[in-house]
Structure formats: structure tokens, C-alpha cells
Amino acid sequence: MPNDTQWQLDLRPANIEDGLDIILGGRWCIDASLPSPCVVLDALDDHIHSLRFDAAGLSDWDSGLLTFLGGVLKACAQRNITADTSGLPSGAQRLLAMAMAIPEQKVAGRDKGRRDMFSLVGAATLEFFRDGPQMLRFLGEITQSLLRLLAGRARFRARDLWLEIEEVGPRALPIVSVISFLVGLILAYLGADQLRLVGAQVFIADLVSIGMVREVGALMTGIIIAGRTGAAFAAQLGTMQVNEEMDAYKTLGIPPVDFLVLPRMLALMLMVPLLTLYAGFIGILAGLVVSVTIFNIGAFEYYTETLRALEFKHFLVGLSKGTVYGAMIAFAGCLRGMQCGRSAEAVGRAATSAVVTAILLITIAASIMTIVYYQLGI
Amino acid sequence: MLETTPPIPHIEVRDLSIGYGDFVVQRDLNFVVNQGDIFVIMGGNGCGKTTLMRALVGLQRPLQGSVLYSGEDFWGASEEDRQRLKQRLGVLFQSGALWSSLTLADNVALPIAEYTDLPQARIDEIVAFKLALVGLAGFEDFYPSELSGGMKKRASLARAMALDPDILVIDEPSSGLDPLTAKRLDELIVELRDSLGTTIVVVTHELASILSIGNNSVYLDAETHTMIPTGNPQDALNSGHPKVRHFLKRGAA
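Protein chains in written order, with the numbering used here: chain A, 1 to 378; chain B, 379 to 631.
Hints listed in this document are in silico derivations from the structure and should not be mistaken for laboratory results. Take these hints with a grain of salt, some might be off.
Stated by the list, open to error - Mimicking EDC-like on lysine to aspartate or glutamate, the simulated pairs with C-alpha atoms at most 20 Å apart in a straight line are: (1) K250/A / E492/B; (2) K250/A / D459/B; (3) K250/A / D451/B; (4) K250/A / D544/B; (5) K250/A / D484/B.
What the hints assert, rightly or not - Derived contacts from chain A toward chain B, CB cut-off under 10 Å, selection only: (6) V40; (7) D160; (8) W162; (9) Q236; (10) T239; (11) E245; (12) M246; (13) K250.
Glycine residues also receive a C-beta, built at the ideal position from the N, C-alpha and C atoms.
Produce the entire structure from the sequences given, and follow the hints as far as they go.
Written out as C-alpha cells, the structure reads:
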């Protein structure tokens, strides 16, 4: 006979009528490329009504054998073929009996069917429209909470506010510095290239300073803080949701919005405008460095041109945008955190969604504010 | 013990149905928890124990029916009244649910600071006492993540007891605890009932707890989606409904 390390399968007509003997030999393990149950099923034509297994030649077996036999037995049950498993190793018999004991269950509400494009698009659309009212509801809760704060009845710990301020503000300085410097540098190059055509390179200072202070400083800070802090808020609140910490607040009658959302909201509304101001300053500095070293503009000339270009209203615009972006980031982060489901995966989704929502809201707010300020002539 | 006085109904559940949207988890729940009872809500996994507990403590509105605390309708009450009733409830969640960003002392102190005007020094004293009561004296400045599972459970018990509630609702007290730690927690619960007269509702499937601490109980059946009143679990063990006996004897009998 052949060696023990190879599986063998032999199908023979049985000595009884309508029967088929399945003779298994050698090593039936998962790491050997085992045959599919179809090999047997193809041999089952209409006149076969009983199967018998003979495993006397089997040297070694594991789940590989069981999955093969499971497939054969399942097909037999469907086709009303009796299968005699008494020739199998007793361990295999018991495991097969266990696996077949409880038939596959149809669990209510679990649709495993393939979902076509239309149902996916439909589900996504419904989800989108469900999100709107939820956002409004959360906005309402925050507004109520802010009103309670103004009335002196909102409750959160001052320490939490300071901790958030530290986390959001000073700790974000390095990344804000790097990004603002590079964006200032890009703006300076961009301006230099265009302004050279009309020989007015000194106006780089105007472009960089007004651009950074009014628009880009706030936008870049907003995007950095959305990724850095918005995601963190969603993850923190989401984890609290998973740990039932939110429920613990609710059962004690402490509104989580007062206690958790309010300090985060206030911290961002205070710190993002300050970071915006700082980003503007760093951007102007980058413009200065580029102008002096690359485009041969005098440092003093750049300085006076910047002072001449910058007006108070530009600062106001930048600060107001920073405040609004800060509120948007806190809103998106806390909303997604509070909506979070009860699993690790849900926390990840909440963090991702917080960043996406925050950036979307920031961009929308930026467009609206730019248009309004233009119309107002600010 | 309190058996000498006539029982005073403390919590009444009437025709309660709980579930999610169209999906009814349990229906027609009717039971009364008396003052000073340790009332066990038992049942297998997925029978709706936790959903019922969330309806009792105000986290999830029931589909139908009412919950009465000392005769006062909980879900029919206004938001403020419900808030007032909630303050008389202490809840111990399955995972402990300690606030992870606060120290143990702050966890226990927060509810006290919220609902009383006590000076900080007085609050600190109460916190130290509550933590000592659950055997955690000296752990005031620890964060929940620095504690073992059993310590977390005990700390949450201290927090749930912070406002001296009339009713303590406990979800799976012994989940994730070794048998000895679980037994000590059970003893602590009985001790609290005996000394403070607190009414205690325990939601659990842990046989050892059910049999050792409960003096009244209901069984939530996952198949029929309703309850079977079971009385004292010790009696139910021998003379109860066959399904309940089956459950209490781990499938034997």
C-alpha cells in the first residue's frame, strides 16, 4: 500500500444493493491539500440510497477530515441518503454528531443576503437624513446647557475646563507652528511668482499677512485641531459610552452634556481663536524669511508693508472664524462620541466620523462667513 | 431581620413591556418589591434582564406599563419628578462604570457635591467613610484603571451608596469576579441591607448569588418573553416551576 503521509479516498459499490462504500486511508489533515466533498457527491447518482464509511486505513486525522465528512453528511441529509458512520474513528463520530445536533438556525432580523447597490444607496440616504434631526437635537441640548451655564446652574468642574484648555492649547503649539510656517512659506512663493509679473514683489507681505490672519490661519488651525482634538473628544466620550459611564451620569441626574460637553466646548472656543492668532504670526514670519532670503526684499520693507496691510478688522475676522471653527470641532467631536455604539469598532468609527464632520462643518462655515463678510465689506 | 414587620411595597411593576421599537423583549411583567427585600431578577443570557434594569432606573423608557416607587409613577412623572426619584436610586452597573477620568474619591464625591451643599471637608469625610465601608480605605487617590476587577466593583458600590439611596439596583454583581471575591461582595450587599434597610434589586444569572442573598425573585423566560414569579429562590430550587428548577440546577432535574 502507499505511504501513510498521503490521503487516500476510494469509492466502491457496496455489496448491498443501492449502496456505496467510502474507503478512507492515510493522513487526512488540514495541511494536506484534501479533496472537496464534491468528489463523493458527484458519485452519488439517483440509485444510491445508503453510504458506508470505512476508515480502517486512516493513520491521522483532524478538522480536515471532519469538514470533508460534514459536507458529505449534509448532502446526504438533503438527498435522503442514509449514512452509516460506524466505520469512522469514534472521536470523529462524536464530533460530527455534535456538529449536526442543532440544525442551522434562521435568526430573525439578520439578513445575510447580498445587498445590491440600490439598497445600499437607500440605506445611506436614510442614514443621512436621520443624522440631521440628531444634530439639531444635540445642538438644542448644548444650547440649553449653555443657558444653564449663563444662569449659573450648569455643573462641571473648573479643573476639567483647565485640563482641556491645556490639552487643546499649549500642547497643540508645536504642530500649529510647523504647519503655519510651511503654509506661510507656500503663500509667499505663490505670491512671489504672480507678483513678479507686475514687478510688485513687496506686496508678498500684504498677501501673506492678510491671507494668514484672515483666512488660512483659522482654516489650518481648525483642520489641525479637528484631527487632533475633535477625534480625541469622540474617542473619549465614545469609550465612556462603552463603559456605561454615560449611564452612570444619567442615573445620577447629572446631564452628561453639562459635565462633559460644556468644558470641551468652552476650551475649544477659547483656544482655537488664540491658536489662530498665533498661526497668523508664524505665517507672517515665514513670509518674512522667504522674502528676505529668496526674493531680496528688505526685512524693514516687509515689516512696514505688513503693518500697512493689516487692519484691525482682519484680526476680528480671523478671531471670529477661529471661535466658530472651535465650536464646530467640539460639536462634531462630542456629537459623534455621544452617538457612539457599545464596541471598540464603534469608538474608531466615532473618531473618524468626528474628523470628517468637523472638517465638513468648518468648510461650510468658512464659505458662509467669507461671503457674509464680503457683503458687509469687512 | 425585617420579617417581623408587615411588608411595605417599595417598588411596584405593573403590566410592564420592555423592548426596542417593534421588538418586545419581555411583556406583562408584574411584581412587587417590598421594603428591605433583596429581590433577584434572574434569567439566562439575552432574556432581557439588563433591559428591565435600564427601565427601572430611568435609562430606557418601557414600551408599556408603569414602575411605581413608593406608589409614585416613575415614567408617568414629569422630568423634574423623575429626577427627584432618581436621586433615591443607587445603581451599580455591570462594568462598574466608574468615571475613568476621576479618582476614586472624586467618583464618590461627585454625586454628594451635586446634591448637597456640604463643605469640601465634610464631603471628604463622607467619601473616606464610604470607601472604608467597602474595604477601600486609603485608595482615595487611585484612578479606576489602577484597580483590580473586585476593587472596581466595590468602589462602584461605594459610589452607588454615596447619597444613602433607599433603593440599590445592581446589575450582575459577580460578573468577572472570582468565587471568593464574589462571595465577599454578596456579603457586603446583605450587610448593607441589614444595617441600612436599603431595598436591593439584583439582576443576575449567578446561581451562587441568587441562592445565597435573594429573599424574593422573578425569572425572566427568554422563550415565552414573560416572567415566572419564583418567590424565595431557595424554595424555587425544590418546588418552583420546572423551567426555574432547570435553570437553578444548571440543567439537572
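Evaluation of the provided hints:
no.	hint	in the structure
1	K250/A / E492/B	holds (13 Å)
2	K250/A / D459/B	holds (14 Å)
3	K250/A / D451/B	holds (19 Å)
4	K250/A / D544/B	holds (18 Å)
5	K250/A / D484/B	holds (17 Å)
6	V40	violated (37 Å)
7	D160	holds (8 Å)
8	W162	violated (13 Å)
9	Q236	holds (8 Å)
10	T239	holds (8 Å)
11	E245	holds (5 Å)
12	M246	holds (9 Å)
13	K250	holds (6 Å)
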